[in-house]
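Q: Next come the chains, spelled out residue by residue.
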Amino acid sequence: MTVPIIEAEDRDLVLFRSGDLLCGIDVARVREINRNLDITVVHRAPDYVRGVLNLRGQLLTVIDLRRKLGMESASIDLNMRVVVVRRDGGEVGLLIDQIVDIIAADGLNTEPPPANVAGVGGIFFSAVYKMETALVAVLDLDRVLEK
Amino acid sequence: MTDYDDNILQAFIEESQEHLDGIENDLLRIEAAGAEIDDDLVNEVFRAVHSIKGGSSFLGLENITELAHGMESVLNMVRNRQLVLDGTGTSVLLASADVLAGMLADTGSSDERDIAAELEALQAIPDGGSPAAQSPTPSPVAAKSVATPTIEPTPEPTASLPVSVDEAALDEALEMLDYLYLVEYGADEVDEGVLAGLEELGTVLSQVAQGASLFVLFATVADVDVVASLLELEEAQVRLLEPDQVWAASPVEAVDTLAQTPVLPVANGDDLGPEGMLAMDAAVGPAPEVMRFLNLTYDLLNKMDQAFEVLLRKPGDVDALANLFDAVHRIKIAVGEQGLTDLDRLLGAGEDVLNRLRAGGFGVEAATAEILLDMASLTGEVCAELESDSLPEERDITALVDQLLELAPESEPEQHRNGQADAMPPAKKTTVVKSPIVETSLRVHVRLLDRLMNLAGELVLTRNQLKQVVALGDGAAVERTTQRLDQVTTELQETVVSTRMQPVGSVFGKFRRIVRDIARDLNKDVELVLEGEEVELDKTIIEALSDPLTHLVRNALDHGIETPSVRYEQGKQPTATLLLRALHEAGQVIIEITDNGAGIDPENIRTKALSMGNYDTSQINSMGDRDLVRLIFHPGFSTVEEVTDISGRGVGMDVVLTNLTKLGGIVDIDSEVGRGTTVRVKLPLTLAIIPALLVGMGSERFAVPQVNLAELVRVPMWRREELVQELGNAQVLRLRGNLLPLISLRQVFSDEIVDEDHSGALNVLVLKAGDFRYGMIVDELLDSEEIVVKPLDDFLSACKIYAGATILGDGQVAMILDVIGISDIKDLEAMEGASAGIEEDIDDLDSDVQELLLVYNHPDEQLAVPVSLVSRIERIHCDQIQRTGTRASMQYLGGHLVLFSLEDAAAVSPRPETDYLYVLVFTVADHEVGLLVSELVDITSQAVDVSVEGFVQAGIMGSTTISGRTTLMVDLYDLVRRLEPTWIEEHNARYKAESERTILIVEDTAFFRNQLERFVVEAGYRALVVEDGAKALAELERRGDEIDLILTDIEMPEIDGLELARRVRVEPRFAHLPIIAVTSLGGEENERRGRDAGVDEYLIKINREQILQAIRRRLGTGSLAL
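Sequence lines, in order, name chains A and B.
By the numbering used here, the letter at position 12 of the first sequence is numbered 12, and the numbering carries on one by one without gaps.
Take any residue in the second sequence, count from 1 to its spot, add 147: that is its number in the numbering used here.
Only chain A is shown next, with the shape it has when bound in the complex (with noise of 0.2 Å):
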């Protein structure tokens, strides 16, 4: 297995609080962010799973992305979204403590995610991207959304 490159290239990224980091997705990825919190809880369901909302008519599973990443759940508050991210197949909410921003991330500044973030939660990071201030974990949507 060959390490995996990352691309240098610029491209924007969503940022946003899921427990004490600071995250970011890819905007291309991103079909919505969306303030409905109305969530219904599924019984049975993996414990990753918040649970559904009715998107305009259409049905979306909610992942805690918290739990997702292996901290614990948080109950709702007003600041928490979901992001309506694409997958095979059609598109799944991610709930999110809190939108902070959409910037561009030059290139340069990305780099493989150090190795001690693999602990918890590790693995689900493609990258790092350093900012002035903090450093934004880049998640890899497609082990976030591996189920």
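Simulated from the structure, these hints should not be mistaken for lab results.
Hints should not be assumed to be uniformly reliable.
What the simulated footprint calls covered on chain B by chain A, stretch by stretch (three residues with Cβ under 8 Å from a Cβ of chain A suffice, anywhere in the stretch; the number is not a length) [stated by the list, open to error]:
(1) 939-945
(2) 948-954
Quick list of the computed label-pair ranges, beta carbon to beta carbon [what the hints assert, rightly or not]:
(3) B:Ala248 <-> A:Asp142: 31 to 37 Å
(4) B:Ser944 <-> A:Asn79: 48 to 54 Å
(5) B:Ala248 <-> A:Glu91: 58 to 64 Å
(6) A:Glu32 <-> B:Ser256: 22 to 28 Å
(7) A:Asn79 <-> B:Gly875: 44 to 50 Å
(8) A:Asn109 <-> B:Val625: 55 to 61 Å
(9) B:Val935 <-> A:Pro114: 33 to 39 Å
(10) B:Ala248 <-> A:Glu32: 41 to 47 Å
(11) B:Ser944 <-> A:Ile123: 20 to 26 Å
(12) A:Asn79 <-> B:Arg1112: 55 to 61 Å
(13) B:Asn876 <-> A:Asn79: 28 to 34 Å
Virtual Cβ for every residue (Gly too), placed ideally from N, Cα, C.
Chain B: place on chain A using the hints.
A: Structure of chain B alone, referenced to chain A:
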């Protein structure tokens, strides 16, 4: 692989599968027609196979092309009346069609399948034999030399075709042109124009004059149908050839000897068997096949060189890369055919590298090109050695293969993104395809799409209108537009649903084949009759229907229908009939499978059931024939293999039932010994919108499909101990002498033992999971609704306990419970078995029942009237009815009794004219009235309190299901109110003056709550309405001074009516309040308990007159007015 390719492939597969579906039936019909060939039919099959061949060859699916071609040749002969299809021929064609279908289902690996046997069998059809049966492992090489007298009259045996041709020329010609013909011109037909005419149509490859005739070998695109007429020749003069035939006829003598040599030289010599050595020794000079291989390979190596030249200058050139790949691929195939395994492996590695470069849009780096060039030169060397007729030297190719394997594009030092990668044309013939997901698309008629388009347009228009009128604030216009919107939406929904509809014939059709095959195997003579093939059902249902129906048909053939000799002995027609029928009935589709075979003997089932020991002897012995026959659907039953020996249709019938139930189907079986069996399956038209009952658990709501709902049962608190029993960790419910596994919805969601509320009444849903039932406790029963089913994605479908989800009117999502899934996950059936050990209590009373008189007004509609309201029933002759104007009456107890007919007020079917009819006498508003009905059906005890839903209309208070029939509950009071409104007004006026009193109504069932409230308010009282005892106490606390009387239900959750009465009585402020209990529980014992608790009056529900009289009595209002 580009999307473009995928789409084409997908379309091809779908289309081909449709063609194949048709082929099967048509072939059977052709066989049945025998020598009376129906040209249209044969042409249809021919065209179907032909278009599969065309498509597959375009997509480079070589095996499919080849097999389709083989079938096409046979069909062509049938079409030209050179061959009559018999059973064997049809079987071969059918088997080939099956193989085609198999390869189509997995196009990715279709070229790996060995189809030599099928091809040989096809070629052998004209000989009337199936060589596949005679020589089970035919050598593909040998197959090529089998003489193929394709078309009559054959001028010469194939082995010595008069013409010969250079293979390169042939290859080239056939790359562009589809057909190879041998044209024979008689002596008088030959002139200068002949060849010119042929050249116009195609390419002349060779011509030979033999005797007086001129034979011309020529290739063209013209179809067999048209070529003769285009050339103005008799059909017999034009003969379709296979390239193989030309090879086989090639003049080189050594061909046959060599062709049978199984393996040709291999690089390392290990695989070379002794025979191979001998054969090689015997050969003089390279065999023609080897020559052909060498020519082809040299040609392709040249192509590779050209491509390398381009690539060294422009590493990213897409076309050159495609050419390179194509060449390597074709050499590899040729090498493989020659048995040069090592070279094959090497080229395979090269091909992989190129394919990955291609797929990733990468260029070919110099270093990569080096290695690939090495590969090419090595190939060239091996070829040279073969040509010089020596065995290739042993070489160590491992290093080179490893080098190739390392050339993974990801690890290339520099990458060349190529923008054109996606636009790259698919390399012809070498496309590597992955298996696409077939079910994801659906063919819809353009007419329907147009309709949808129009409706969508109209929807937009209406929305704009609505926006406009809302902005203007024009109320009337808003209403109009909303109505329009409603109409368009409904229409849109119906149209969308109809796009999913498919005729059931698509499933039925395949049974022609299945029945034929099975009947043959079993030596039975069966005629299959199909009816109602045009009846349409939802695509999902159609697809899921196939397996259960197959099972039922198989069973009918295997166990139901007797062999011809047995039938003959029994005086039946030796040919049995199997009828498969679809029909519409009351908004549902019925599918019937009827055979006129032996039927199922209930006594045999009884014996079997008793011998199995899984059933209670007394239960089995008391079962009726129908119930016994239904036992075959029981899971325990079907696991016993011998059951099939009896005539029972045991094996897997429970699975059939479960699968059909999942589709919302209801299965019924009807069997008569010696006469046959009918299985009826009732199916909904669609699964997209279903009626469901919404239930509550805490603040959450869930939907339960009505089709899974048998009944609703309420277990009052004081009967819980008696009706609900613990069995280890599990609970069971006693229901009319049966024990049902019982689970609470909370328990479904958790594997832990849930601490449940152990007081109050229980709402139990009795659910049907196939033939098995269980009870589920829910907190609350809510509405009954038509819900739109939304499928779940893969995160949730794994939960197993949901059949989908729906979006409710308020926008909230409710999960739809999968009744079968829940029973599986909680293993409830095992519980059922365990509970069978408990002693049965047959004289068990249902908890919350109402005595109902069932009557017919019109025999199509069952009606129910509470027995408690009817004071007398009279049977009269129609002559006794006297009519004055619109009114009817009769002499009754010395006076006149006014007679009503139900249809006068309610929207029910009118009573048919009969000589005798019945009068139900009852009292409303102090008037005695008679209701005319045509027939008395039964008196039944029914838990009506919770199952009455919808259907509220004039004279009807709701509907319920009684013994499987929808039954309308007659509202006698409402009937009178509509027919004689003055009676009610006068009556109310008489009491109203004194009745400014407030009554607290406590009732947990919405239906009765509404009824009671209406009774009370119409009688002129004020009503305060609460749902349970706790709320009643709170209400008393808050506005106790206003309340004059309590009217309460007995069975309620938590604080029930009796408890409420006790608490009211101990509170000095309220101790004086009259309490009237309204219940469905009659009997002295219950009345005594009520009085002990402090209830003043104990009444039976729905008897309006009684209730109001009691209220008046207790409030002292009645006596004043009278």
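Q: Which of the numbered hints are not met once you compare them with the structure shown?
A: As far as the earlier hints go, 4, 5, 6, 9 and 13 are violated by this structure, in ascending order.
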